[in-house]
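Enquirer: Each protein sequence line maps, in turn, to chains P and Y.
Numbering-wise (UniProt numbering), the first sequence opens with residue 1 and increments by one.
Numbering-wise (UniProt numbering), the second sequence opens with residue 1 and increments by one.
The hints are simulated quantities; they were obtained by calculation from the structure and are not laboratory data.
Just to be clear, a hint being listed does not mean it is correct.
Intra- or inter-copy, both count: the list cannot distinguish identical chains.
Taking lysine to any residue and the SDA-like style, the derived pairs with C-alpha atoms no more than 20 Å apart in a straight line are [as the list claims (entries may be wrong)]:
| # | residue 1 | residue 2 |
| --- | --- | --- |
| 1 | Lys249 | Leu41 |
| 2 | Lys104 | Val26 |
| 3 | Lys139 | Arg233 |
| 4 | Lys157 | Ser229 |
| 5 | Lys157 | Asp220 |
For reference, the chains in residue letters:
2 protein chains.
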Amino acid sequence: GKSAELARIANEELAALVARHPDRFVAAVAGLPLNDVAATLRELDHAVHRLGLRGVQLFTHINGKPLDAPELSPVFEAVAELNVPIWLHPARGATPPDYPGEKKSLYEIWHVFGWPFDTTIAMTRMIFSGLLDRFPTLKVITHHLGGTVPFLESRIKNAYDQFGTRTADEDYGALLRTLRKHPHDYYRMFYADTALYGSPPALECGLAFFGAEHVLFGSDMPFDAEGGSRYIRQTLGAIDQMTASHEAKRRILRENAVKLLGMEPGGR
Amino acid sequence: GKSAELARIANEELAALVARHPDRFVAAVAGLPLNDVAATLRELDHAVHRLGLRGVQLFTHINGKPLDAPELSPVFEAVAELNVPIWLHPARGATPPDYPGEKKSLYEIWHVFGWPFDTTIAMTRMIFSGLLDRFPTLKVITHHLGGTVPFLESRIKNAYDQFGTRTADEDYGALLRTLRKHPHDYYRMFYADTALYGSPPALECGLAFFGAEHVLFGSDMPFDAEGGSRYIRQTLGAIDQMTASHEAKRRILRENAVKLLGMEPGGR
């Protein structure tokens with residue numbers, strides 16, 4: 001269908017850009033025609049094996065469908081088999097509204113706050129649906145430093161210590177027993193990028209949660225008010241101000257990406 | 001109506017508990033029959049002037065209606081006039097669902113993550129509706145350290161620097177010009193409690209954003225897995241571990257509350 005064709009065009013172009021400008025781009029990751037699972041599997045193979053792309057981007061839902069929808073399972077199986085990272089990007093528009101009597105989300109709440117919320121929800125669904133138990137080697141890089149997870153980590157721990165006490169119509173106690181570990185531990189399996197646009201205290205909060213091997217530099221360039229340079233500048237400035245060790249910063253700024261992208265000397 | 005009667009019973013009982021156990025309770029705050037504005041105004045006056053209650057609790061919506069609904073304006077006017085703080089508490093159930101094709105929110109996402117999201121939304125609505133411009137002396141204490149705002153503060157700043165660029169059907173540029181200051185500055189007008197159940201890095205993130213005069217001890221007791229003592233213990237332990245100054249911690253643990261509750265010697 002159309003989505004397969006568009007993904008192919010985009011991925012070919014990305015690969016060509018990397019080949020043409022090795023001084024500017026070290027790698028690119030694939031877009032996928034996710035409304036068509038068979039085409040996605042073909043494109044995954046083509047993008048990674050033929051084009052040399054180093055990972056894939058997934059959105060927090062596929063046309064409204066959660067990532068744990070059973071029909072998407074072959075996609076995660078293939079990504080795990082290829083051993084390439086997933087970049088998880090939020091995707092919400094002005095609907096749903098923020099209040100039931102309204103037609104749409106006002107004041108760009110859907111974007112400013114809804115996106116980190118969507119990321120958090122998608123992570124949670126991957127955990128409780130058992131997706132991370134089935135594919136424990138998946139490397140999922142969450143945008144905006146893990147949505148809202150690092151700030152809420154103790155809330156997560158304490159709420160899921162009592163999982164089910166606020167729900168009468170599901171047996172969440174039984175669900176909990178099917179998981180291999182405490183829900184809180186799964187959230188730390190994710191990776192997270194630094195795209196908070198600054199805020200050393202928030203970056204430190206995220207680093208404390210995910211650990212120095214799971215945080216990667218990300219800037220959200222070019223979506224800033226200056227058309228590209230501001231987010232890079234602010235993010236580098238904030239990382240510089242962090243109290244983290246030189247070693248931790250080296251991992252964030254370079255080594256974690258080298259490892260995840262499979263670019264070590266002799267790697268892949 | 002029924003809500004007026006119930007609020008009255010609850011507030012009388014709260015006042016009696018404080019009177020009976022001055023060693024355990026320094027103050028109580030009023031519940032309000034918010035579906036009935038006239039009764040709310042009567043109850044406000046009664047609770048504060050007759051019963052000596054020291055503030056009010058509001059939820060992030062009133063039967064689904066946002067706090068900036070025009071009919072609620074007299075409530076904020078009266079609270080500002082009384083000069084008592086508002087405790088803002090999230091209120092979301094298992095609907096709306098997290099994905100459009102589903103009937104309800106799964107895995108208690110509505111509670112664990114939806115509540116901080118609701119708090120963030122309510123704060124945002126108070127800002128952009130002009131409520132904080134009309135009542136700039138309102139003291140709103142947000143639960144769970146300001147929802148998700150401290151972690152997202154730089155996202156807030158940078159997104160609202162470009163407010164309207166993601167919206168075609170509203171003139172948000174014009175709206176921005178009606179506000180007295182940058183949206184980001186309004187979020188810092190709120191107060192926030194420490195009810196994160198631990199997490200020194202998250203507490204430090206919140207303190208850095210709101211400042212030492214706007215963070216107050218709060219524990220969420222008794223809603224923990226031990227029936228009351230765990231959240232107090234964990235929160236005190238986390239505050240103890242914070243790198244904040246002794247002076248800042250004294251404010252958080254005592255002085256900000258003394259001031260907001262009007263309990264200074266010779267106060268109110």
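Enquirer: List in ascending order the numbers of the hints, as given earlier, that are violated by the structure.
Expert: 1, 2 and 3
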